[in-house]
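**Student:** Starting from the structure of chain A, add chain B where the hints point.
Residue numbers (the working numbering), protein chains in the order written: chain A, 1 to 410; chain B, 1001 to 1170.
Since the hints were derived computationally from the structure, they do not count as laboratory data.
Model, not experiment: these values are computed from the prediction.
Some hints here could point you the wrong way.
Each computed SDA-like pair below joins lysine to any residue, with the alpha-carbon atoms no more than 20 Å apart [as the list claims (entries may be wrong)]:
| # | chain 1 | residue 1 | chain 2 | residue 2 |
| --- | --- | --- | --- | --- |
| 1 | A | Lys-104 | B | Lys-1095 |
| 2 | A | Lys-309 | A | Ser-75 |
| 3 | A | Lys-78 | B | Leu-1147 |
| 4 | B | Lys-1002 | A | Glu-253 |
| 5 | A | Lys-104 | A | Lys-340 |
| 6 | A | Lys-69 | B | Arg-1129 |
| 7 | B | Lys-1079 | A | Thr-267 |
| 8 | A | Lys-78 | A | Gly-66 |
| 9 | B | Lys-1095 | B | Asn-1107 |
| 10 | A | Lys-104 | B | Pro-1146 |
| 11 | A | Lys-14 | B | His-1047 |
| 12 | A | Lys-330 | A | Ser-75 |
| 13 | A | Lys-330 | A | Gly-362 |
| 14 | A | Lys-340 | B | Arg-1024 |
| 15 | A | Lys-365 | B | Lys-1095 |
| 16 | A | Lys-340 | B | Pro-1066 |
| 17 | B | Lys-1079 | B | Asp-1135 |
| 18 | B | Lys-1002 | A | Glu-259 |
| 19 | A | Lys-365 | B | His-1069 |
| 20 | A | Lys-14 | B | Lys-1079 |
| 21 | A | Lys-365 | B | Pro-1062 |
| 22 | A | Lys-289 | A | Phe-263 |
| 23 | A | Lys-251 | B | Asn-1050 |
| 24 | B | Lys-1065 | A | Tyr-367 |
| 25 | B | Lys-1095 | B | Pro-1146 |
| 26 | B | Lys-1079 | A | Glu-259 |
| 27 | A | Lys-220 | A | Glu-51 |
| 28 | A | Lys-78 | B | Tyr-1149 |
| 29 | A | Lys-365 | B | Ala-1027 |
| 30 | B | Lys-1079 | A | Gly-244 |
| 31 | A | Lys-365 | B | Lys-1002 |
| 32 | A | Lys-78 | A | Glu-51 |
| 33 | A | Lys-365 | B | Tyr-1149 |
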Amino acid sequence: MSISQLEITHDELKHLVSERAQTGETLLLNMGPQHPSTHGVLRLLLELDGEIVVNCIPDIGFLHTGIEKNMEAKSYEKAEVMTDRLDYLNTMGNNLAYCLAVEKLVDLDVPERAQAIRVIFAELQRIASHLVWLGTHALDLAAMSMFFYCLNQRERILDIMEMCAGQRMMTTYFRPGGLWRDVPAEFEPAVRAFIDSFPAEIELYEGLLDKNPIFLDRTKGIGIYNGEEGIAWGITGPSLRGSGVAYDLRKEEPYSGYEQYDFEVCTEAEGDVYARYRVRMREFRESLKIVRQALDKLPGGPVRSNNRKFVPPPRAELGESMEAVIHHFKLWTEGFPAPKNSIYMPVESPRGELGVLLEGDGGPKPYRCHWRTPSFVNLQILPKISQGCYVADLVAIIGSIDIVLGDTDR
Amino acid sequence: MKAELQPVLDALQSAFGAHISEFREQAKAVIAVEHIVEAARTLRDAHGFNMLAGLSAVDYWPERKPRFHAVYEFKNISKNLRLEVRVPLDGDEPKLPTLTEIFPNANWHERELWDMFGFEVVGHPDPRRILMPADWVGHPLRRDYPLGYEEVQFSFNFKEIDQRKPRPQD
Chain A
1 MSISQLEITH DELKHLVSER AQTGETLLLN MGPQHPSTHG VLRLLLELDG EIVVNCIPDI
61 GFLHTGIEKN MEAKSYEKAE VMTDRLDYLN TMGNNLAYCL AVEKLVDLDV PERAQAIRVI
121 FAELQRIASH LVWLGTHALD LAAMSMFFYC LNQRERILDI MEMCAGQRMM TTYFRPGGLW
181 RDVPAEFEPA VRAFIDSFPA EIELYEGLLD KNPIFLDRTK GIGIYNGEEG IAWGITGPSL
241 RGSGVAYDLR KEEPYSGYEQ YDFEVCTEAE GDVYARYRVR MREFRESLKI VRQALDKLPG
301 GPVRSNNRKF VPPPRAELGE SMEAVIHHFK LWTEGFPAPK NSIYMPVESP RGELGVLLEG
361 DGGPKPYRCH WRTPSFVNLQ ILPKISQGCY VADLVAIIGS IDIVLGDTDR
Chain B
1001 MKAELQPVLD ALQSAFGAHI SEFREQAKAV IAVEHIVEAA RTLRDAHGFN MLAGLSAVDY
1061 WPERKPRFHA VYEFKNISKN LRLEVRVPLD GDEPKLPTLT EIFPNANWHE RELWDMFGFE
1121 VVGHPDPRRI LMPADWVGHP LRRDYPLGYE EVQFSFNFKE IDQRKPRPQD
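So that you can see chain A by itself, here it is in the shape it has in the complex (with noise of 0.2 Å):
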């Protein structure tokens, strides 16, 4: 089939094949964007000679919801519900950075307590996400009982999110200046059952794959890029640790009180496919390691900073307090003012590097809101990866960049 006879593409698309295309020597294949293993709305336009890939095309934007111009019409506390929505695998990740950035801008304090609770549920997240990169991955790679092992897992840490914040993904759980409400008594119990019992866990998904010859063929030496490449094209998180990069932004500017906890970040040297699936099997237990310590040391105290011109009052106060009275209305009818100027800042999502540039205009609402997402960066490189790999090995290297389409999308 030569280029012009396709119906899915134009003649814009002609200066990224081969001239093979052109005269029709080599295949030009649509995959996805229904296609189960790009993971989401993922379409790729591939050139293949026989089974071999050529060149790859990826194409993305089915997905995107344009929550960036959208915040920019909502307040600052409104805006945040939109946050869950763009990686909705890592919702209180994004809640996490949104608050952060806000918080930054404004100059808010955040009670300690506040910060622990945050740090225990974004490396629950951590771990449901990559839960759920697991169970994919595996899937793809022809392994369906992991993906049914993965997602019962994380179907408790769901279940922990839902019990603390009334939804199981789209969670708002984390608001400027705090959190929307402390814990209830059985969180605690619900963590540590789940933090005690996930080790075994682990080792039942390293049992199935780590010795799995058809797992090892299909992971080892597939996709190899190294760590000055994966820097020079922005990658970041467990993606650039699989290629020998100690980088972690949890380590190197740590926020919400990282730098208390003990932790390694975890590298492997290979920059395969099955470098990046140990990397993220390392930081399992690694995120383990710090829920267990923000547990054991978790401080009492409010959850919300008690600055009024920012955080509404507690409810109860409002029958009291005339003061209370305004605050709360003004907060809920125009909310809180930011500073005419601009932050930036960088978190480490499941994925990588997820930074949001606020900038504010001395209004209530943000003047701008752009959110560097790890997905869209890190798959930039899939192109140059996927070059000379089998049409089979595409779907392995997709799975190890572990992309979230809303992420990519936005």
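**Tutor:** For chain B alone, coordinates are given in the frame of chain A:
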């Protein structure tokens, strides 16, 4: 702001006339558009800023001079430094040189700038829209682009509203 960043800022100031400011311990350098390629090359080669961590833009409409700021986030991984570089751009159809030769990941970011803000990226290897459909009209993240909404249609006024619904232009 970290003390190690000061020599970098001084160098940018003397070589490219950068205007330096600081907010909440984050340094920003405003550099004219004709210097940005050289400044990025200097930052990477001489100062170790080996990662382009992010690239986006802000629209200050109805301002005209400058109407836009292109915002580059550079990161020096070995020394753990961050620097924001802003490039002011005038008018409604600004032009911006590409950084893809220096940082390959600028490719998609610059396509997004074209898609969302309508910057013409000069020398870009693949100047297409990235998030919006190829036949989309307008650049959604500009401040003069309406947010848009859909009127709720009831049975008694369904046709009336249907007639005035905005539809994509040909």
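**Student:** Could you run down the list of hints and mark each one as holding or not?
**Tutor:** Verification of the supplied hints:
A threshold of 20 Å between alpha carbons decides the hint, and for Lys-104 of chain A with Lys-1095 of chain B the separation of about 32 Å lies outside it, so the pair is violated. The hinted pair formed by Lys-309 of chain A and Ser-75 of chain A meets the criterion: a straight-line CA distance of about 14 Å does not exceed 20 Å. Taken as a hint, the Lys-78 of chain A and Leu-1147 of chain B pair is honoured in the structure, with Cα atoms around 16 Å apart against an allowance of 20 Å. Of the supplied pair hints, the one linking Lys-1002 of chain B and Glu-253 of chain A holds, its CA atoms being roughly 12 Å apart against a limit of 20 Å.
Our distance criterion of 20 Å between C-alpha atoms is met by Lys-104 of chain A and Lys-340 of chain A, whose separation comes to about 13 Å. Under the criterion of a C-alpha separation no larger than 20 Å, the hint pairing Lys-69 of chain A with Arg-1129 of chain B is consistent with the structure, at around 17 Å. Pair hint Lys-1079 of chain B plus Thr-267 of chain A holds up; C-alpha atoms about 19 Å apart against a cutoff of 20 Å. Proposed proximity of Lys-78 of chain A and Gly-66 of chain A is supported: the alpha carbons are some 15 Å apart, at most 20 Å.
A hinted pair counts as satisfied when its Cα atoms are at most 20 Å apart, and Lys-1095 of chain B with Asn-1107 of chain B qualifies at roughly 15 Å. In summary, the hint linking Lys-104 of chain A to Pro-1146 of chain B is not supported, as the alpha carbons are separated by about 29 Å, beyond the 20 Å threshold. A hinted pair counts as satisfied when its Cα atoms are at most 20 Å apart, and Lys-14 of chain A with His-1047 of chain B does not qualify at roughly 38 Å. Restraint check for Lys-330 of chain A and Ser-75 of chain A: the C-alpha separation of about 12 Å stays at or below 20 Å, so the hint holds.
With a CA separation close to 16 Å, the supplied pair Lys-330 of chain A and Gly-362 of chain A stays within the 20 Å bound. About 12 Å separates the Cα atoms of Lys-340 of chain A and Arg-1024 of chain B, which keeps this hinted pair within 20 Å; it holds. Distance restraint check for Lys-365 of chain A and Lys-1095 of chain B: the Cα-Cα separation of roughly 29 Å exceeds the 20 Å cut-off, and the hinted pair is therefore not satisfied. Of the pairs offered as hints, the one joining Lys-340 of chain A and Pro-1066 of chain B holds, with about 16 Å between alpha carbons and a cut-off of 20 Å not exceeded.
The hinted pair formed by Lys-1079 of chain B and Asp-1135 of chain B fails the criterion: a straight-line CA distance of about 44 Å is larger than 20 Å. As the CA atoms of Lys-1002 of chain B and Glu-259 of chain A are separated by approximately 18 Å, the hinted pair is consistent with the 20 Å bound. Distance check on the hinted pair: Lys-365 of chain A and His-1069 of chain B sit about 19 Å apart at the alpha-carbon level, within 20 Å; holds. A C-alpha spacing of about 42 Å is found between Lys-14 of chain A and Lys-1079 of chain B, which places the hinted pair above 20 Å, so the restraint is violated.
Between Lys-365 of chain A and Pro-1062 of chain B, the direct Cα distance comes to roughly 17 Å. Compliance with the 20 Å bound is thereby established for this hinted pair. A hinted pair counts as satisfied when its Cα atoms are at most 20 Å apart, and Lys-289 of chain A with Phe-263 of chain A qualifies at roughly 7 Å. Between the alpha carbons of Lys-251 of chain A and Asn-1050 of chain B the distance comes to roughly 19 Å, so the proposed pair stays at or under 20 Å and holds. Taking the CA atoms of Lys-1065 of chain B and Tyr-367 of chain A, the gap is about 18 Å. The hint holds against a cut of 20 Å.
Distance hint between Lys-1095 of chain B and Pro-1146 of chain B is unfulfilled; the C-alpha atoms sit about 23 Å from each other, more than 20 Å. Using a Cα cut-off of 20 Å, the hinted pair Lys-1079 of chain B and Glu-259 of chain A holds, with the two alpha carbons roughly 18 Å apart. As the CA atoms of Lys-220 of chain A and Glu-51 of chain A are separated by approximately 19 Å, the hinted pair is consistent with the 20 Å bound. Proximity of Lys-78 of chain A to Tyr-1149 of chain B is assessed by CA-CA distance (about 18 Å); at most 20 Å being required, the pair is judged to hold.
For the hint pairing Lys-365 of chain A with Ala-1027 of chain B, the CA-to-CA distance comes to about 24 Å; that exceeds 20 Å, so the pair is violated. Only pairs whose Cα atoms come within 20 Å are accepted, and Lys-1079 of chain B paired with Gly-244 of chain A is accepted, the gap being roughly 17 Å. Simply put, Lys-365 of chain A and Lys-1002 of chain B have alpha-carbon atoms about 30 Å apart, too far for the 20 Å limit, and the pair is violated. Between Lys-78 of chain A and Glu-51 of chain A the alpha-carbon distance is near 49 Å, which puts this suggested pair outside the 20 Å criterion.
Only pairs whose Cα atoms come within 20 Å are accepted, and Lys-365 of chain A paired with Tyr-1149 of chain B is accepted, the gap being roughly 19 Å.
In summary, the numbered hints that this structure violates are 1, 10, 11, 15, 17, 20, 25, 29, 31, 32.
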